[in-house]
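When you get a sec, could you build the whole thing from the sequences and use the hints?
Quick note, the sequences are listed as chains A and B, same order.
Take 61 as the starting number for the first sequence in my numbering and just add one per residue.
Take 267 as the starting number for the second sequence in my numbering and just add one per residue.
It is possible that part of the hints are untrue.
[To be verified] Computed cross-link-like contacts, BS3-like style, restricted to lysine-lysine with a CA-CA straight-line distance of at most 27 Å: (1) K575(B) with K217(A); (2) K424(B) with K457(B); (3) K645(B) with K217(A); (4) K87(A) with K217(A); (5) K575(B) with K333(B); (6) K87(A) with K645(B); (7) K495(A) with K427(A); (8) K333(B) with K457(B); (9) K424(B) with K374(B); (10) K584(A) with K601(A); (11) K294(B) with K424(B); (12) K575(B) with K626(A); (13) K294(B) with K374(B); (14) K424(B) with K626(A); (15) K645(B) with K575(B).
Just so you know, the hints here were simulated from the structure itself, not pulled from any lab data.
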Amino acid sequence: MIEFAWLIPVFPLLAFVLLLLFGRILKERAAYVGIIALAASFGTSLGVLFERIGGEGYKYVVRWITFGEHTITMGYEVTALNAMMLIVVTTVSLLVHLFSKQYMHGDERFPVFYSYLALFSFSMLGLVLSPNILQLFIFWELVGVCSFLLVGFWYFKPEAAAAAKKAFLTTRIGDVGLFIGLVLTFIYMGSFEYETIFAAVQNGLVEDKMITIIALCIFLGAVGKSAQFPLHVWLPDAMEGPTPVSALIHAATMVAAGVYLVGVMYPLFLASSTAMTVVAYTGAITAIFAASIALVNTDIKRVLAYSTVSQLGFMMVALGTGGYVAGLFHLMTHAFFKALLFLGSGSVIYGMHHRQDIREMGGLWSKMKITAITFLIGTLAIAGVPPFAGFWSKEVILASVLDSNDPILFTIISITAAMTAFYMFRLFFKTFTGKYRGDDHLEAGEHHHEPHESPSVMTIPLIVLAILAIFAGFVNTPFSHALDHFLTEGLNVGEQAHGASWLVPYSIAIAVIGIFLAYLIYYKGTISENFFPNLAPGVHKVLLNKYYLDELYLAVFVRPVVNLGKVLWTIDRFIIDGIVNLTGYLTKGTGYVISRRHTGQLQTYGLVTIIGGLAVIALAFLLRVRGYFG
Amino acid sequence: MIPNVLSFLVFLPLVGALVILTIPNEHKNVIRTVAGITTLVALILSIFVWNNFTRGLTEMQFTENFKWIDLGFVSFNYELGVDGLSMPLLVLTTIVSFLAMVASVSIKERVKEYFIWMLILLTGMLGVFVALDMFLFFLFFELTLIPMFFIIGIWGGKEREYAAFKFLVYTGLGSALMIIAFFMMFYQGLKVGESTLNFLRLAEIYANPAYAAVITNTFKSGLFLLLFIAFAIKLPVFPFHTWLPDAHVQAPTAASMILAGVLLKMGAYGLLRVGFGILPDQAANFATLIAILGAMNIIYGALLALVQKDLKKLVAYSSISHMGIVLLGMASFTTAGVQGAIFQLVSHGFIAALLFFMVGAIYERTHTRMIEELGGLSKTMPILAGFLLAAVMASVGLPGMSGFISEFLAFTGIFWTSPDVIPAARTIAVIAALGIILTAAYLLWAMQRTTFGPLHQSHAHLEDARPIEFVPMVCLLGLVILIGVYPAILGDVINTTVIDIVSKIGG
Chain A
61 MIEFAWLIPV
71 FPLLAFVLLL
81 LFGRILKERA
91 AYVGIIALAA
101 SFGTSLGVLF
111 ERIGGEGYKY
121 VVRWITFGEH
131 TITMGYEVTA
141 LNAMMLIVVT
151 TVSLLVHLFS
161 KQYMHGDERF
171 PVFYSYLALF
181 SFSMLGLVLS
191 PNILQLFIFW
201 ELVGVCSFLL
211 VGFWYFKPEA
221 AAAAKKAFLT
231 TRIGDVGLFI
241 GLVLTFIYMG
251 SFEYETIFAA
261 VQNGLVEDKM
271 ITIIALCIFL
281 GAVGKSAQFP
291 LHVWLPDAME
301 GPTPVSALIH
311 AATMVAAGVY
321 LVGVMYPLFL
331 ASSTAMTVVA
341 YTGAITAIFA
351 ASIALVNTDI
361 KRVLAYSTVS
371 QLGFMMVALG
381 TGGYVAGLFH
391 LMTHAFFKAL
401 LFLGSGSVIY
411 GMHHRQDIRE
421 MGGLWSKMKI
431 TAITFLIGTL
441 AIAGVPPFAG
451 FWSKEVILAS
461 VLDSNDPILF
471 TIISITAAMT
481 AFYMFRLFFK
491 TFTGKYRGDD
501 HLEAGEHHHE
511 PHESPSVMTI
521 PLIVLAILAI
531 FAGFVNTPFS
541 HALDHFLTEG
551 LNVGEQAHGA
561 SWLVPYSIAI
571 AVIGIFLAYL
581 IYYKGTISEN
591 FFPNLAPGVH
601 KVLLNKYYLD
611 ELYLAVFVRP
621 VVNLGKVLWT
631 IDRFIIDGIV
641 NLTGYLTKGT
651 GYVISRRHTG
661 QLQTYGLVTI
671 IGGLAVIALA
681 FLLRVRGYFG
Chain B
267 MIPNVLSFLV
277 FLPLVGALVI
287 LTIPNEHKNV
297 IRTVAGITTL
307 VALILSIFVW
317 NNFTRGLTEM
327 QFTENFKWID
337 LGFVSFNYEL
347 GVDGLSMPLL
357 VLTTIVSFLA
367 MVASVSIKER
377 VKEYFIWMLI
387 LLTGMLGVFV
397 ALDMFLFFLF
407 FELTLIPMFF
417 IIGIWGGKER
427 EYAAFKFLVY
437 TGLGSALMII
447 AFFMMFYQGL
457 KVGESTLNFL
467 RLAEIYANPA
477 YAAVITNTFK
487 SGLFLLLFIA
497 FAIKLPVFPF
507 HTWLPDAHVQ
517 APTAASMILA
527 GVLLKMGAYG
537 LLRVGFGILP
547 DQAANFATLI
557 AILGAMNIIY
567 GALLALVQKD
577 LKKLVAYSSI
587 SHMGIVLLGM
597 ASFTTAGVQG
607 AIFQLVSHGF
617 IAALLFFMVG
627 AIYERTHTRM
637 IEELGGLSKT
647 MPILAGFLLA
657 AVMASVGLPG
667 MSGFISEFLA
677 FTGIFWTSPD
687 VIPAARTIAV
697 IAALGIILTA
707 AYLLWAMQRT
717 TFGPLHQSHA
727 HLEDARPIEF
737 VPMVCLLGLV
747 ILIGVYPAIL
757 GDVINTTVID
767 IVSKIGG
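Next up, the structure:
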């Protein structure tokens, strides 16, 4: 089975090609093509995982290019980590394919949507199966393009078009860093193959400073892709894309690729304490920064987007503090519960007739039961309530941070965990409990739309993901470290921290504090919703405006570059070109023949050139004959 | 094996032009067919040569040689051959030319003249890439100038005469410098008793330490600089680039495809064949300058592209930017870098041709190239918009497409360069890498405003891709993806020659 792992990305690739060619004929039947392809990929991934659990990895490569005496190969490889990732990606992708069948129903570009989804699945699976870092980069860029296409799927909306561009450009900044990191890797380690790179690092073939530079360059790519501060600005805007896309790409899989990248290159990062510190602090800053914005945002999808940014920060902190398994474990559980939350929000938006402001919601619990219950499960999971999946993975992250003996990091992560529980329950209470507020601000001509539960093709994926959000954490608990052993076996990723016993009650307490506060404000109303905004209106305003980072970037980077372009263009036209034109006019002034025959007699110019060229030669020979050159 | 296959290939288009000469003006379709078939046969011949080209040899292959004009002290020889440097460019030329012929169906006026000029142009371009004799090379080089001048001047846009004149003056100036340099090169050879115009023979003479007293390093440096400027105009290198945007914007679609796809490559080819081939040490001495100019081209072209309002002009400036990668790769004097430069010649040839074709197709329908007058084109012409998007992604350097391979190799090369060749290579490389972000910025900005966004009212009923338009679009995109997915198909042809070029410095 494992040697057929290459089929896993090929199924969706075939689906993409089929839909590209026959999408117009298939219309909404296109969904079946995608669903079947992903089901096949999922089945194969399961087979591969089971075989990997009991046995060895597998690698197959072919020659790709040779320059000088260097040869680069491409192929596919199955490792413990990517066997797990294959399951995560195919599961979420399959469920999103199902969900979209109804969610995208009636869209005139329905087959195009499915072709993009298939292309994305192909690229993401290709990324995961890559046997070397260059191939990973190739697919890394491809998933970026798919993200661009899907964010901009409703291209006629200016916001969607702008968001797509922003997503691509911002991640591109990180990718340039990654690109340079790769080139340096190849130059100093002589290869893109993981084993060769790690061997070079371990054997001290590369000086420490260069290891740090390479690791930081690579991390820059991860910062862009995983929307870490300061390159996180694209992810909230990417919510302009259809919600199933947000669930698949901008929550579960692609944005996690940055974390996966650091995981894949982990021995390199471990070799540089500077790089590890940068990873940890970038993650921590991102986590608390994004969580603080999520506290006040009122768009159901954007709250989830900031939450994703924050959770990715958690994963980075884990990796940066030596928690290899912790970071990747959280990647897995987060993929399930965040996909659940996004699809749940999709179901809400669908039921609310495409409204997504939580101020217009409320009381949906009774109107859409399955969505509400599954959403609650997802909320409990992300808030870190036992026994839901997020609790276990967050607990090992805390253990890892605690183990690093950095009180600042531990404080930031603890506070952020409480904030997470708070803003997620705020979201839940505002959406599902209380009174329905959808009719409060009806404008003239608008009439009541009764929110409704979504059909089963949408709720079944929610139920499946809810089950995963409950049980996925059990693969790695303080009582059984199954995942721990599976992921670290035969790898040099350092000792994994298993936290002190007080961490379990501690992390429960953190979650409870956040939930209780949200309960008091948004359910019971004991504390007014305006209490905190009134307490610190300035802070509230800054948070609402996302710390004014978009405005800052526009003023500091975008405008100056465009202005520089304008200045250079003026110089180009009037000075550089001006000199040429001046020369041209002078030539024409003296060249009477040319100027007189300028109109119509274009041939002259051609003849002049040829004759000119020949004349030079003739002159040269004449000089030679006369003995002019001596 | 076909005897004299290169001659056959080079002069076949000329024969086609003669045939067209005999066809009456009004039989436009016959003329188009003859031109198309001629070019197609040339394409097939070049693929035949490609298939029979022995990989892994440094020597010239398919060589032809006979005395042409003998003046006693010098003989002009008719010498042809291909190696790993010219082989890909030969195929690039036939492919782009064939597709440009297909794209020429939109030419409705003075059809006969048009195709005659196009075929003569093809002979010139093919000749440049196979000529091994300096004089022959120069003749072919000149032969491309005149047809292009007429094509822009007669079938171009509103400002065609100005653009054609500018093109001619600029590139003519380049030719003049080239012929002066060639003459000096020949003459200095003559002084040491070696009368030859052959590139390979000259390379040997110029590398011979026994002649160092006559062929001094100062002389060689001056010679290299002269050659560099001559070819820099064609490439084009900042600040000799201003002819290009005008020529591109005014030229008809097919001519833009050839200009960007092939003609610019002649500059880089000349630089590699003559400059690097004969004066490797001088090239290495100027490596820092070339690398800086390369980075400058990348950034400058990108910044100017960023503020263009005319879509075709934007693509033209992007060409300038992308040619910087060629300079950067060459200057590195590493196998990776030089191979990257050659990859970029081929890759940009296809991508630029595709982009210009797409812009032409859009202009034909909307009658505007102004970015702000376009918008939402995905709505009315999803297929064309899709291909435009693919072309843009290729230009951005998306992995899986050819542009990425050249960027990757060129940047690997420049990062790898020894500090002896270029002292601050990495600083230059990092600055140049910022161009990658700018490239994405201007291209995506253009996409956002042309194919995305709300549709312009006047463009509500536009025709999507016609069957014949699929030929260039699918072929070019297919090649771009083929090279991107399996670069060895091109790399294996180039590699040995690249090793040879790089091994010459310091030796």
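Checklist entry - Would the pair K584(A) and K601(A) pass a check requiring their Cα atoms to be no farther apart than 27 Å? => result holds, 25 Å
Item to check | Pair hint K575(B) and K626(A), alpha-carbon separation not exceeding 27 Å | outcome: The hint holds at about 11 Å.
Checklist entry - Does the alpha-carbon distance linking K87(A) and K217(A) stay inside the 27 Å limit? => result The hint holds at about 23 Å.
Checklist entry - Given the proposed pairing of K424(B) with K457(B), does the C-alpha separation stay at or below 27 Å? => result violated, 51 Å
Next on the checklist: Given the hinted pair K87(A) and K645(B), is their Cα-Cα distance within 27 Å?
Outcome noted: holds, 17 Å
Item to check | Restraint check for K575(B) with K217(A), where alpha carbons must lie at most 27 Å apart | outcome: Given pair K575(B), K217(A) holds - Cα atoms ~22 Å apart, limit 27 Å.
Checklist entry - Regarding the pair K424(B) and K374(B), is the alpha-carbon distance no greater than 27 Å? => result Satisfied, since the Cα-Cα distance of roughly 17 Å is no more than 27 Å.
Checklist entry - Straight-line Cα separation of K424(B) and K626(A) no greater than 27 Å? => result Status holds; Cα separation ~24 Å.
Next on the checklist: With the threshold set at 27 Å, check whether the alpha-carbon distance from K575(B) to K333(B) stays at or below it.
Outcome noted: Judged against 27 Å, a Cα distance of about 53 Å means the pair is violated.
Checklist entry - Hey, K495(A) versus K427(A), does the alpha-carbon distance stay inside 27 Å? => result holds, 11 Å
Next on the checklist: Hint check: K333(B) vs K457(B), CA-CA at most 27 Å. Holds or violated?
Outcome noted: holds, 22 Å
Checklist entry - Given the proposed pairing of K645(B) with K217(A), does the C-alpha separation stay at or below 27 Å? => result Judged against 27 Å, a Cα distance of about 12 Å means the pair holds.
When each numbered hint is compared with the structure, violations occur for hints 2, 5.
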